[in-house]
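Number of protein chains: 2
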Amino acid sequence: MSEQPLGEFDLITRYFDRGAPRRARLGIGDDCALLAPLPAGAVLAVTSDMLVAGRHFLPESDPEGVGHKTLAVNLSDLAAMGAQPVAFTLSMSLPQIDTAWLEKFARGLFAIADRHDCELIGGDTTRGPLNLCVTAFGEVPSGVALRRDLAQPGDDVWVSGSVGGAAYALSRLLGPTPPATGDLSVRRLERPEPRVALGIALRHLARAAIDVSDGLLGDLAHLCERSRVAARIDWSSVPIAMQISGLDEGVQQRFALAGGDDYELLFTAPAENRTGIQALSSSLQLALTRIGEILPGSGVQLVDGRGMPIPVSAQSFDHFA
Amino acid sequence: MSEQPLGEFDLITRYFDRGAPRRARLGIGDDCALLAPLPAGAVLAVTSDMLVAGRHFLPESDPEGVGHKTLAVNLSDLAAMGAQPVAFTLSMSLPQIDTAWLEKFARGLFAIADRHDCELIGGDTTRGPLNLCVTAFGEVPSGVALRRDLAQPGDDVWVSGSVGGAAYALSRLLGPTPPATGDLSVRRLERPEPRVALGIALRHLARAAIDVSDGLLGDLAHLCERSRVAARIDWSSVPIAMQISGLDEGVQQRFALAGGDDYELLFTAPAENRTGIQALSSSLQLALTRIGEILPGSGVQLVDGRGMPIPVSAQSFDHFA
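Heads up: the protein sequence lines correspond to chains A and B, in order. First residue of the first sequence? That's 10 in this note's numbering, and the numbers climb one at a time after it. First residue of the second sequence? That's 10 in this note's numbering, and the numbers climb one at a time after it.
Since the hints were made in silico from the structure, they are not lab data. Mixed in with the good hints, there may be bad ones.
[Claimed, not checked] These stretches of chain A come out as covered by chain B in the derived footprint (C-beta under 8 Å, 3 or more residues):
no., stretch
1, 32 to 40
2, 63 to 73
3, 126 to 138
4, 145 to 157
All C-beta atoms, glycine included, are put in the ideal place defined by N, C-alpha and C.
The following block holds chain A by itself, in its conformation from the complex (with noise of 0.2 Å):
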């Protein structure tokens, strides 16, 4: 590493230009990016997530799973939609060069982007409070993308893996005695996994689907207000994270319904679709959850397992709330 100062074109060099770019007619180095067509009947689908230092990770995060985490929840969004991940554009404002944190943040945006295949294109970089923002594109056939406007009554609402883990997580890492760096609970708010393969499965299996990122509750708020549908969800059968099982039913509650950075995708399928999704549920090895229904009208309901009302307090979580 370097003692001499490095500016913005060295940096950009050093940590993110990967040479020829693989799928992108041009990558990083001119003032755009040219990305070839997508095959015949395609469409692109595009997202843009931004993350500030303080809010979506701690300042003392480890900058690895800050990579990951940068690119994670934008390849959530292409999953939602049941988009395969082409390429994406990196755009930072950072405090100052930090080399070491640099060559960390850069291992862990590419181990994901490479698994995923997803190609960085270009971006930004410029000076100022620490700030990631990502544009990812995918690509999707005609017709065939998961939306969140197209959930019907007497569909079931289905869960991925499970839900509640991140926000304990960052509870303890917020709490009085925070866990060590590498702890494997903390890797489910660091390290999200974002269900991609799940997501082009689902084409043809789900209708509507939104990825569980501020609250599973208030995603599928959501969900129902773009679809004009109501859902009714039973809380014994939400899947919620083991590091939670342990704690008192309310504070479960919070967690797995409220507390969001999940990243699960949440998705509606018509009942006759049960038997491929438990059958793509094991071919996948993750789990897919049934856990309540759609229903005419408006508003999403708990219920106990015996169908009993349960009252629901905060949803969601609102940046501005």
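With chain A fixed as given, assemble chain B onto it according to the hints.
Leaving out everything else, chain B in the frame of chain A:
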């Protein structure tokens, strides 16, 4: 304007969601936007710029100007590739919800977006230090994009409009007696006009291009490096902004050659296209000035009207220098 606290989703709905998408298949409100395929033979140009308060604009800058500039700097990158604007995403980190600021910001943003038929299709909103990140998309027929790496020895070097006005305005704003908002020379800094029509018209006239964002000599050096050529610029030909014409020559040079933020196009073209470029200048009513030539070798040399070298110090703006 409501006195109610405004949440993240209300904010998007109120200021940024303008209803049914025009060209996008799916716009704001889902996990991703969906962009319809481009016309046959076109490729997608992608660019991303991040603007930080206190660095790219002053905290007290007119929010309408900030909205304008946030998109304008990206449209300038599309122009430098000869791309026609199509759509953009906007991700914002805001310290608080200031409805008066947001309303003016959105007005400035959409005014320039509409003028270039460039549609807002998605983005993100979070809380944090003021940061605005746009990723913009344009289309350009395959094989005709202007690039930084296509300059050839013998090419003329041209620049549009005039240079130095933006840097001069910034120096006044930061000086002891800043000009009032609305001062015409400040417009140059706060409302740069991206040279979109010029970029498109240059597809078959120019060879290489770059926009002047960091400073004429520094940006030309990037172009030369990518094209593996050298350049010689004749200072007596450089079209300096009217506002700096009365200043000491050294100061003029600093503003015009190293100041940046002008968002003019700097391009190279074979000598046989001089007549075509002059005709284009007339039809666009935009000065296009021949300021030098591309040579074999490397580096950028500045000479006076008699061809004698002029020593040059800081050539460009580096955010980390």
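Here's how the hints hold up against the structure:
1. Here the stretch 32 to 40 of chain A counts 5 residues with a CB under 8 Å from a CB of chain B, which clears the bar of 3, and the coverage holds.
2. Counting residues of the stretch 63 to 73 of chain A whose C-beta sits closer than 8 Å to any C-beta of chain B gives 3, which meets the bar of three, so the coverage hint holds.
3. A stretch counts as covered by a chain when three or more of its residues have a beta carbon under 8 Å from one of that chain; for the stretch 126 to 138 of chain A and chain B the count is 9, and the coverage holds.
4. Check result for the stretch 145 to 157 of chain A against chain B: holds, 7 residues qualifying (beta carbon to beta carbon below 8 Å, three or more required).
In the structure shown, no violation is registered for any of the earlier numbered hints.
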